[in-house]
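Peer 1: Residue numbers (numbering that gives the first Met the number 0), protein chains in the order written: chain A, 0 to 112; chain H, 0 to 909.
These are calculated hints, taken from the structure and not from any lab test.
Check each hint, because a few of them may be wrong.
[Said to hold, decoys possible] Listed below are the simulated SDA-like cross-link pairs for lysine to any residue, each with C-alpha atoms no more than 25 Å apart in a straight line:
(1) A:36 - H:19
(2) A:64 - H:15
(3) A:64 - H:12
(4) A:59 - H:53
(5) A:36 - H:37
(6) A:64 - H:54
(7) H:84 - H:775
(8) A:59 - H:28
(9) A:36 - H:36
(10) A:59 - H:12
(11) A:59 - H:49
(12) A:36 - H:22
(13) A:36 - H:17
(14) A:59 - H:72
(15) A:36 - H:42
(16) A:64 - H:21
(17) A:36 - H:34
(18) A:22 - H:20
(19) A:59 - H:21
(20) A:36 - H:51
(21) A:64 - A:105
(22) A:64 - H:49
(23) H:558 - H:546
(24) H:513 - H:756
(25) A:59 - H:20
(26) H:558 - H:547
(27) A:22 - A:83
(28) A:22 - H:15
(29) A:59 - H:14
(30) A:59 - H:50
(31) A:59 - H:18
(32) A:36 - H:54
(33) A:64 - H:53
(34) A:36 - H:28
(35) A:36 - H:40
(36) A:22 - H:19
(37) A:64 - H:775
(38) A:36 - H:547
(39) A:36 - H:21
(40) A:59 - H:355
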Amino acid sequence: MKRPDQRDLFPGALEMMILRTLKRRPLHGYALAQQIKQTSNDLLQIEEGSLYPALQRMLKAGWLKAEWGISSTNRRVRIYTLTAAGAKHLEREVTSFERMLEGITRVLSPVKP
Amino acid sequence: MNWIAQLFRRKRMCNDLSEEIGEHLEEKTEELIADGMSREEAWDAARRQFGDVTQIEEYSRELWRWPGIETVLFDLRFGLRMLRKNPGFTAVVLLTLAIGIGANTAIFSVVNAVLLRPLPFPDPSHLVFLSESCRDIPEMYISLPNLRDWRTMNTVFQSMGGGRRSSATLTGRGEPERLPIREVTAEFFSTLGVRPLIGRLFSADDDHADSRPVVVMNETFWTREFERDPRVLGMQLELNGETYTVIGVVPSQGLRVIWHADVDAYTALGRREHAIGGPGNRADHYGIYAYARLKPGVTVEAARLEMRTIAAQLSKRYPNTNTGQSAEVEPLLRERVEDVRRPLLLLMGAVGLVLLIACANVANLLTSLATVRRREIAVRSALGAGALRLARQFLCESILLAMMGGAAGLIAAFCITVAASETLMRLPVEFLPRIDEIRVDPAVLLFTLAVSLLTGIVFGVFPAVAAYRADPNEVLKENSRGSAMPDLHLRNGLVATELALSLVLLVAAGLMIKSLFRVLQADPGFRSDGVLTGSVTLPPLQYHTDAQMRSFVRQFTQKLAALPGVQATGLKSPLLGPYEDNFVVEDRPRPARGSEPYTEISVVTPGALEAMGVRLLHGRYFNPSDDENAPPVCIIDDSLAERYWAGRSAIGRRIAIVETPSTPPSWTTIVGVVHHVENHASGGPTLPGSYFPFAQTPTNGGSLVILSRQDPTALLAAVRSVLHSLDPDLALYDVAPLANLTRDRMAPRRLSVILLSVLAGIALILAAVGTYGVMAYMVIGRTREIGLRRALGATPRDVLRQVLSQGMRVALAGVLTGVIASLALGRVVSPMLFGVDVTDPMTFASVGGMLIAVALAACYFPARKAMRLDPVDALRCEFAPSGSQQGPRRIRRQGVSRGPAGCMKPGSVE
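Please put together the full structure from these sequences, using the hints given.
Peer 2: Take a look at the structure:
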């Protein structure tokens, strides 16, 4: 049976995007979803719901903090903030992702004559 | 990680999430409305884009769950519900488990108390037991001069003390009383770490030949005689006609294990220096064993090595007395419980087998239940329950059952222990040391818990594996007609195992029973009916010359013989061995020093052998003229005569007891040959016996043997008054019919036989129930096939034969495996057998036959049911409810058109 969290592009991608987005500023769930869509130029289509299991997972891991607050549109929302552990995790993930990307790029780049 | 806090936080987390999702959807909806959608359209679109709310919430709930535990709690709740729904099943399983686990707990509580619990001394693992040894006697008393040398020569022990079994007559406090006492060296108590309850213990000053006589009381004696009055210190006690001063009292616990009895008092061994300690006494092994405490870091093995070296040095230094002698070192506790170790471990093994059989039975029952629940499980599996998840649930259920069974077993064991302790307490203490320490303690509780858990896992694995393997597609496709016995092989295997295990137990019990009968039937060589015995000891102070002892015993036995009703009487020392000594035979090559043969000797007055009914085969009994002035004579038994003079007369030949290898043998002439006496003191056969006349080798007392026409106990008062007319300060003790003594010696064997037989009986019943269960299951599963056979012309007889042969194949496999296992395990029981071979074909044949008969009976009832099946009904329905045929009948009434689909097995989920 497929679980919502398995709809990631690759394991950890969604989490990395969330962490990256929240690093800029704390957001609530809906705003977070919109932000990710926008910054990726709607390239990465994610089901909005799949955000929440990821958020729950990251809350449990201690990368995020969540607090009830009032949004700009005057709604009661839960605002997610990056924790120190979350920032550190993001750094690690980004480094390893870049290394992987570099490897893939090298393999995929046209063979020089 | 704070799991408990998380458990409480979880609910809040989930509520937060639901609220958050709700807000998200609303925000989205509003945005879409702002883009120009209608409210309904916007709401639908928002939800579509969001995904499955329920699934997300579900996932999050699982995420915040306290890992594992909640699933387990759920499984347990579900398991309890299943058990409540099947009360009959639950009752049978719990009863089976209660028997299995209860028996294990009961026996373990004995093993724990006797073999495992450390002795109640400080640092008990450092305590060792020391003895001498020689070729024929693995554990021999230590001579006092040797003990002294051991103590000064060794470098491995912190301290070493010796103790000797003895007794003393207490006078001056009413009727003279014989007290069991121990003579110990000054270091004895400090070596063990015993501290006095009041007063002080022996010092070096109390422990030499000229010391003032002082006595240390044992707690039991202090309580019995003085009601724990602390003013006993300094009090005077008359022991053996000597005045002793009480210096202290020691606790009896712990020391009871050392002596296998409660003694009354302790005196100093060193005061016996002249009698047994001098340099001339190196060859005398007067009942002393030694107890030592290892230095820190020294192993028993190292100590043994050093003591053997020392013994070898002593053999070289004193070749006359020490040749062929060595030293033995054993952990104290192990040595003290050595005799009961084997029977106890055998019993532990037997209850282990019973538990395995119980497990097999329960596994069978659970597998049946799992079969009935196949569809339920398939449905759950199709709905997404993983195979591991299902297997875990089965394990949870079985462990729950096992725990409940364990609790019931613990209660059963507690009742058994309480009930049995009454019986066990009546056993002579030396046959089951530490019996008073048996109780349910934390170790026993832990054992029961572990056994229950293990049991649950062992019998839970079978249905769990079956559930893991089952393919839900297959099960769901399979309608009620399908062949529904995928695990018949497994269950046949379980039944065969049960039968094999029962056979092992039954064979062991059978061999033990046969041994007991052999022992009871075996001619002990003497008669115990109508014979009264009692002991008299002559204190060395008043009776220190041979003439004094001789004259007392002569007068005493003459007066006793004159009592009305007395047919024969005499004095024998010891009453029944073991009391062994080396001997040599005249005109035969003398064996090397230290390797002379042993004989079981006793000293008797004329009339003693006659009173005990030891039959004369050749020559004559002793008569009063075989006295100190006559040539030395002896009587030997037929086993000794057979060994040296087979087919010829032994009368007139001469043998000699070896005093020390250097002294010339003092030959005694054989005047009679009597029947061999078997004393059953040890597991093995008794050594060849020889008898010497009291008048020629006086000792300081012995046991009276009185054969009378009237009730022997009625004689007692008369015997006492005769004794006191000769010496009012002598005590008559250990008074008992001879039959009691022989019965007591048989008690441990009888107890083992009873316990083993009960266990084997339980095993047999469990195996029969298991066989019946599987055969009944097989018949139900084959209803359709049987119907087909009947329809094709098979007679009911053919059906019966087919079912029986199926069962017999399983039974034979089990019996065969059991026979092989029994033969392999034979050496475990062989040391406990008497007159029976471990491969005794009679026992194997009768036990095997019995098991097959029981299995046949267990198969017969299901087979008869199969035979009586109406072929038409049987063809319609694969699964008739067990125990009744309501299903098919109901269908017939309702007409064929409903077809077999109406005939579901009970309990299945549609």
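Peer 1: Given the proposed pairing of residue 64 of chain A with residue 12 of chain H, does the C-alpha separation stay at or below 25 Å?
Peer 2: 12 Å, holds
Peer 1: Quickly compare the C-alpha distance for residue 59 of chain A and residue 14 of chain H to 25 Å and report which way the hint goes.
Peer 2: 16 Å, holds
Peer 1: Is the Cα-Cα distance between residue 36 of chain A and residue 36 of chain H 25 Å or less?
Peer 2: 21 Å, holds
Peer 1: Straight-line Cα separation of residue 36 of chain A and residue 17 of chain H no greater than 25 Å?
Peer 2: Roughly 23 Å separates the two Cα atoms, so the pair holds.
Peer 1: Given the hint that residue 22 of chain A pairs with residue 83 of chain A, does the C-alpha gap stay at or below 25 Å?
Peer 2: Roughly 10 Å separates the two Cα atoms, so the pair holds.
Peer 1: Regarding the pair residue 64 of chain A and residue 54 of chain H, is the alpha-carbon distance no greater than 25 Å?
Peer 2: Status holds; Cα separation ~23 Å.
Peer 1: Regarding the pair residue 59 of chain A and residue 50 of chain H, is the alpha-carbon distance no greater than 25 Å?
Peer 2: 22 Å, holds
Peer 1: Check whether the Cα positions of residue 64 of chain A and residue 15 of chain H lie no farther apart than 25 Å.
Peer 2: 13 Å, holds
Peer 1: Next pair to validate is residue 36 of chain A with residue 54 of chain H; report whether the Cα-Cα distance is within 25 Å.
Peer 2: 23 Å, holds
Peer 1: Would you check the hint for residue 36 of chain A and residue 51 of chain H, treating anything up to 25 Å between C-alpha atoms as holding?
Peer 2: Holds. Residue 36 of chain A to residue 51 of chain H sits at ~19 Å (cutoff 25 Å).
Peer 1: Between the alpha carbons of residue 84 of chain H and residue 775 of chain H, is the straight-line distance 25 Å or under?
Peer 2: Holds, because 22 Å separates the two Cα atoms, which is no more than 25 Å.
Peer 1: Between residue 513 of chain H and residue 756 of chain H, is the straight-line Cα distance small enough, at 25 Å or below?
Peer 2: 12 Å, holds
Hint violations for this structure: numbers 8, 21, 37, 38, 40, all remaining hints satisfied.
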